[in-house]
Amino acid sequence: MKIIFFIGIGFVAGAYLFSQTQPRTFVTLHDCKPVCLSTSELLGLLTSVGIQRLPHPESAIIMETDKTVVVQHPYSEAPIHYLVLPKKDIRNIVEASLEDQSYIMDAFAVIKKIVDERKLAYYQVITNGPGLQQVDYLHFHLMAWTDKNQLPTSTPKN
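Each residue of the sequence shown is one higher than the one before, starting from 17 at the first, in the working numbering.
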């Protein structure tokens, strides 16, 4: 009887945690390897749940709105390197729907606010497509440098 109770609790908790995420296939019946969920898809799913459902440590948050959270990138590639994360599970920009538009626009409004407040001049906003993503969750990198000479060689300096 206890096992059924705990399975029921687990089912309800899982249903709540994953209710606002995009479906990602674990197993399909046709043309599937042993596990259909790639590492980037699993990371995307876990990121989605974490952003939507779990409390964020205040020290990790650079800025937050009701639709966007900004955190310091754990492996910075620039003096300023933030991750701008919509609080809605959007896998990539191509799969964005009309319902997602307000989340994407809010992310850009937050980026603008950070750029304005910090008077950033040498910055980039980057998002990758599915083939380049390490995490299947739409996010933007805001990277900034203090002067033109710090820019990476792949960045246009004109």
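Hints are not guaranteed to be accurate.
[Claimed, not checked] Cut-off 30 Å, straight-line C-alpha distance, at most; resulting in silico cross-link-like pairs (DSS-like, lysine-lysine):
hint	residue 1	residue 2
1	Lys83	Lys128
2	Lys129	Lys164
3	Lys128	Lys103
4	Lys135	Lys164
5	Lys128	Lys164
6	Lys129	Lys83
7	Lys83	Lys103
8	Lys129	Lys103
9	Lys83	Lys135
10	Lys103	Lys135
Note that these hints are calculated values from the structure, not bench results.
Quantities reported herein were computed from a predicted structural model and do not represent experimental measurements.
Verification of the supplied hints:
Our distance criterion of 30 Å between C-alpha atoms is met by Lys83 and Lys128, whose separation comes to about 15 Å. The straight-line distance between the Cα atoms of Lys129 and Lys164 is roughly 21 Å, inside the 30 Å bound, and the hint therefore holds. Proposed proximity of Lys128 and Lys103 is supported: the alpha carbons are some 18 Å apart, at most 30 Å. Taken as a hint, the Lys135 and Lys164 pair is honoured in the structure, with Cα atoms around 14 Å apart against an allowance of 30 Å.
About 20 Å separates the Cα atoms of Lys128 and Lys164, which keeps this hinted pair within 30 Å; it holds. A C-alpha spacing of about 14 Å is found between Lys129 and Lys83, which places the hinted pair at or below 30 Å, so the restraint holds. As the CA atoms of Lys83 and Lys103 are separated by approximately 5 Å, the hinted pair is consistent with the 30 Å bound. At roughly 18 Å between alpha-carbon atoms, Lys129 and Lys103 fall within 30 Å of each other, so this suggested pair holds.
As the CA atoms of Lys83 and Lys135 are separated by approximately 23 Å, the hinted pair is consistent with the 30 Å bound. The suggested pairing of Lys103 with Lys135 holds, with an alpha-carbon distance near 26 Å, which does not exceed 30 Å.
In this structure, none of the earlier numbered hints is contradicted; all agree with it.
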